[in-house]
Amino acid sequence: MADILHRVGIKAPAADVYEALTTVEGLAGWWTADTRGEGDVLRFRFGADGFDMKVLEARPGERVLWEVVGGPEEWIGTHVGWDLDRAGDYTVILFKHAGWKEPVEFMHHCSTKWAVFLMSLKSLVETGKGAPAPDDVKIDNWN
Numbered sequence: 830m831a832d833i834l835h836r837v838g839i840k841a842p843a844a845d846v847y848e849a850l851t852t853v854e855g856l857a858g859w860w861t862a863d864t865r866g867e868g869d870v871l872r873f874r875f876g877a878d879g880f881d882m883k884v885l886e887a888r889p890g891e892r893v894l895w896e897v898v899g900g901p902e903e904w905i906g907t908h909v910g911w912d913l914d915r916a917g918d919y920t921v922i923l924f925k926h927a928g929w930k931e932p933v934e935f936m937h938h939c940s941t942k943w944a945v946f947l948m949s950l951k952s953l954v955e956t957g958k959g960a961p962a963p964d965d966v967k968i969d970n971w972n
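The opening residue of the sequence shown carries number 830 in our numbering; numbering runs sequentially from there.
By construction, these hints were calculated from the structure, which means they are not laboratory data. One thing to keep in mind: the hints can contain errors.
Cut-off 16 Å, straight-line C-alpha distance, at most; resulting in silico cross-link-like pairs (EDC-like, lysine to aspartate or glutamate) [claimed, not checked]:
1) K958 to E854
2) K958 to D832
3) K930 to D832
4) K958 to D845
Computed spacing ranges between beta-carbons, pair by pair [as the list claims (entries may be wrong)]:
5) P889 to H937: 31 to 37 Å
6) D969 to D832: 18 to 24 Å
7) D969 to A844: 18 to 24 Å
8) R915 to A877: 37 to 43 Å
9) G838 to A877: 31 to 37 Å
10) K840 to V870: 30 to 36 Å
11) D832 to D878: 31 to 37 Å
Positions of the beta carbon are idealized from the N, C-alpha and C atoms, including for glycine.
Go ahead and model the full structure; you've got the sequences and the hints to work with.
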């Protein structure tokens, strides 16, 4: 198994970061503008493609964990999580997209895109404006 790992500090209270990770409005502000919630499943669309995430855990100001239940084969059954901690004026996110069967080329792409979107999250929480899809930074010919 292989995992994608990132760490980012956001100069904001943990409650603000948590809200951006757990509300449809927050998620649409940094990941993709086409975000919908239906019960405990979040649906994220990037044009014709997308991901469906089942919310497994949501502890205010501490942790958010999803299981991928719809999307590319490589993502199905993986887990996407954010652990939040305070360090001075920052909320530090330890991000993990865990459980990839193997580190295929698509995983390399996704790792970079997660970094792009984590910076969008940081921007949204710190300034009020993120760069969600379709306005995200395009990194390669797969966009």
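Results for each hint:
A threshold of 16 Å between alpha carbons decides the hint, and for K958 with E854 the separation of about 12 Å falls inside it, so the pair holds. This hinted pair does not check out: K958 and D832 have alpha carbons roughly 29 Å apart, beyond 16 Å. Of the supplied pair hints, the one linking K930 and D832 holds, its CA atoms being roughly 9 Å apart against a limit of 16 Å. For the suggested pair K958 and D845, the alpha carbons sit about 13 Å apart, so the restraint of at most 16 Å is met.
Distance hint for P889 and H937: a CB-CB separation of about 33 Å, consistent with the stated range 31 to 37 Å. Range check, D969 to D832: Cβ separation about 21 Å, and the 18 to 24 Å hint holds. With their beta carbons about 35 Å apart, D969 and A844 fall outside the hinted range of 18 to 24 Å. Roughly 40 Å separates the CB atoms of R915 and A877, a value that falls within the hinted 37 to 43 Å.
With their beta carbons about 35 Å apart, G838 and A877 fall inside the hinted range of 31 to 37 Å. With their beta carbons about 32 Å apart, K840 and V870 fall inside the hinted range of 30 to 36 Å. Look at D832 against D878: about 22 Å separates their beta carbons, and that is not inside 31 to 37 Å.
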